[in-house]
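First to last, the sequence lines map onto chains Z, D and Y. Each residue of the first sequence is one higher than the last, beginning at 1 in our numbering. Each residue of the second sequence is one higher than the last, beginning at 1001 in our numbering. Each residue of the third sequence is one higher than the last, beginning at 2001 in our numbering.
Source of the hints: derived by calculation from the structure; they are not laboratory data. Treat the hints with caution; some may be incorrect.
Below 35 angstroms or equal to it, Euclidean Cα-Cα: the simulated DSBU-like pairs (lysine-lysine) are [unchecked claim]:
id: 1; chain 1: D; residue 1: 1107; chain 2: Y; residue 2: 2015
id: 2; chain 1: D; residue 1: 1113; chain 2: Y; residue 2: 2015
id: 3; chain 1: Y; residue 1: 2015; chain 2: D; residue 2: 1135
Listed below are several chain D residues computed to face chain Y (Cβ distance under 10 angstroms; list not exhaustive) [stated by the list, open to error]:
id: 4; residue: 1077
id: 5; residue: 1079
id: 6; residue: 1089
id: 7; residue: 1095
id: 8; residue: 1098
id: 9; residue: 1109
id: 10; residue: 1156
id: 11; residue: 1232
Ideal Cβ positions, reconstructed from N, Cα and C, are used throughout, including at glycine.
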Amino acid sequence: MRYEFSWGMLFTQPYSGWIIDGILTTFHLALISWVIAFALGVLIGVFRVTRSPVLRFVGTAYVELFRNIPLLVQLFIWLYVVPQLLPIAFSSWWNRLEYVPYWTAVIGISFYTSSRIAEQIRSAVMAIPDGQFKAAISTGLTPFQMYRYVIVPYAARIMIPAITSEFLTIFKNTSLALTIGVIEITATARKIEAWSFKGIEAYTVASLTYVATTIGVILFMNWMERRYQIPGLIKRGKEGL
Amino acid sequence: MTTPIVQIQNVSLTFDQFVALDKVSLDVHVGQCTVICGPSGSGKSTLLRCINGLERFQSGDVLVDGTSLRQCRDLPKLRLNIGMVFQHFELYPHMTVLDNITLAPIKAKKLPKAEAQALAWHYLERVGIADQAGKFPGHLSGGQQQRAAIARALALQPKVMLFDEPTSALDPEMISEVLYVMRDLAKDDGMTMLVVTHEMGFARKVADDMIFMDSGRIIEHSSVEEFFDMPKAVRTKEFLNKILTKF
Amino acid sequence: MDWNVIVVSLPLLWKGLLTSLNLTAVSIAFSFPLGCLVAMGRLSHRPWLSNTCASFVHVFRSNPLILILFWFYFLMPMIIGSAINDLTSLIVTFVIFFSAYFAEIVRSGIQSVGTRQMQAGLSSGLTHVQTMRHIIMPQAIRAMLPALTTQCIIVFQGTTVAYIIGYNELLHSASMIAERTVRPIELYLTVAVIYFVVCYSGSLLARRFEKRTYS
């Protein structure tokens, strides 16, 4: 197997420019989608745990819908199907937007991830011991106060690992956007490979982006957990064999 | 004096920075029932687990029936001579009580199934739960589970039985049924036993030797009368005061 | 909208679905055992083994599936010396990629049983292997079933990635038909429904497993 490594090439134009664009696109696509997904996810998550059967049904339907269809298929639906089904005025505005694929990806990834976040929120609230709710109410707090001062802080801490994991998942899922034309880092790597035949260098850049971000986010999460830790609450026991 | 069946010689054990055992030495003779008590973190359970090799100590040695743990090549075989009963019973939830008891005789001692089952029935009757043999542990009360766990350990016909706080996880009304089984084991069968417990009533009536441990050391080791009436160390006195006069 | 297109295309879509299911099944068949091995390695007392397996898991869980697919699609012909067909590179990618996820599920299943059951087994004279086989694994597998089922559904959803290299699974077949007949709405909605039905049924199965505990 003969392969001539040429790492220096990555630092020359046009490759270096592409790489920077690709990394930036990956980051802002992930971050914008994350913000929307989190807001939506919290809303739907709350629906799932309220006492109203109607809201719970809406929440469940939402989650099941977006969870059981592959993200790639969802992207295609947002790209090809939804614009056609909308009123003409809206779809013609949409089609004349710059970066339609980008915003399609944002919408697609946001809705998909929001359903997963809603599930995490539901798990976290269900994991809170029943006694906490009872203790809070018995001291005269209103339901709203109970949620604000007791339940939400508790659930937030339980959720930290799962939410971090969802962010990393969104970050990895931005790669799917390449199928609808968004040039994020994986697409960039493919492009570099196609132009230079130096696949190892190209894909290493992409992999490094993901791995470095993963490590960074996990370190941040560990810091967050330690900083906001409630002693004895989340048992980080090391039960190994 | 015959050789003690369990000889703990200057054993020390450290977990990371924490010293769990600090040059502990102890001899246990055949037929003796030794009760070990002390505050939590004093190393009592750790000491017990050193005897059957579940914990690896860094210095010193433990000899069981003449075999040194340090030089032992076949720990599983050695453990056939040492029965252990745990605080949380640790029955295998996915097997019936009978299967729980016959597993090790069949797999470790290589006994034929019929023989293992005969043994199991014998000990099930001994501890008084023969009618629960076909049930799963989840269907038994705590006291029944612990008695099943004792039968499981006895089925290997060990020379020494180790009890690690056997009644600490039980509802108050079930503690006595387990203690009676243990008393009969000590008095009628003459089993050599090491018991870590806070049940002082049991200790006074059944034990031959009393040991008090604190911070990884044996502070006091004496006969039952001396221990309760004239303890030598101040620390022992403090502990006994707190534990005997609870309110 | 002209739903007749769907009726006419059903045979092709059915073939695509079978291809996707086949791809899923083969991937799981190799990926799960590999994952078990990696999980065992991760739990080993030998640092070189547990660290290697831990790194394996971290690397493949940090990278997106598409990128791993590109890696293997590019690297394999180079290493082997000749061109590789699409299916082989897909299967190799899926098997290795998903084994990291299976490894995590197996590992946490085993750890959820706890050290005390292990101690109980060892203290009665069983060897480490015997304890794993008779005591730990039966309990671990029961604990793992819901997560394993969910992971299988994820593998099935992952097969859509094969679209990118032009392999003819369900999504790709549908897009070919959509292009040919210029009827993307009908095709993609149908495909979405098919995926939904399969994945939702799978999730119901996973929920059944979750309910079965020791009474």
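Outcome of the hint check:
1. Restraint check: the Cα-Cα separation between residue 1107/D and residue 2015/Y comes to about 50 angstroms, which exceeds 35 angstroms; the hinted pair is violated.
2. At roughly 53 angstroms between alpha-carbon atoms, residue 1113/D and residue 2015/Y are farther apart than 35 angstroms, so this suggested pair is violated.
3. Straight-line distance between C-alpha atoms of residue 2015/Y and residue 1135/D comes to about 50 angstroms, which puts the hinted pair past the 35 angstroms bound.
4. The beta carbon of residue 1077/D comes within 7 angstroms of a beta carbon in chain Y, closer than 10 angstroms, and the hint placing it at the interface holds.
5. Of the supplied interface hints, the one on residue 1079/D holds, with its beta-carbon coming within about 4 angstroms of a beta-carbon of chain Y, less than 10 angstroms.
6. For residue 1089/D, the interface hint holds, since its Cβ comes within 10 angstroms of a Cβ in chain Y; the closest pair sits about 9 angstroms apart.
7. Interface restraint check: residue 1095/D against chain Y, minimum CB-CB distance 8 angstroms, threshold 10 angstroms, status holds.
8. A distance limit of 10 angstroms between C-beta atoms decides the matter here; for residue 1098/D the minimum to chain Y is near 14 angstroms, and the interface restraint is violated.
9. Look at residue 1109/D: its Cβ gets to within about 7 angstroms of chain Y, closer than 10 angstroms, so that hint holds up.
10. Hint on residue 1156/D holds. Least Cβ distance to chain Y is approximately 6 angstroms, under the 10 angstroms limit.
11. The interface hint given for residue 1232/D is violated, since its Cβ lies 33 angstroms from the closest Cβ of chain Y, which is over the 10 angstroms cut-off.
Consistency note: the structure conflicts with the earlier hints numbered 1, 2, 3, 8 and 11.
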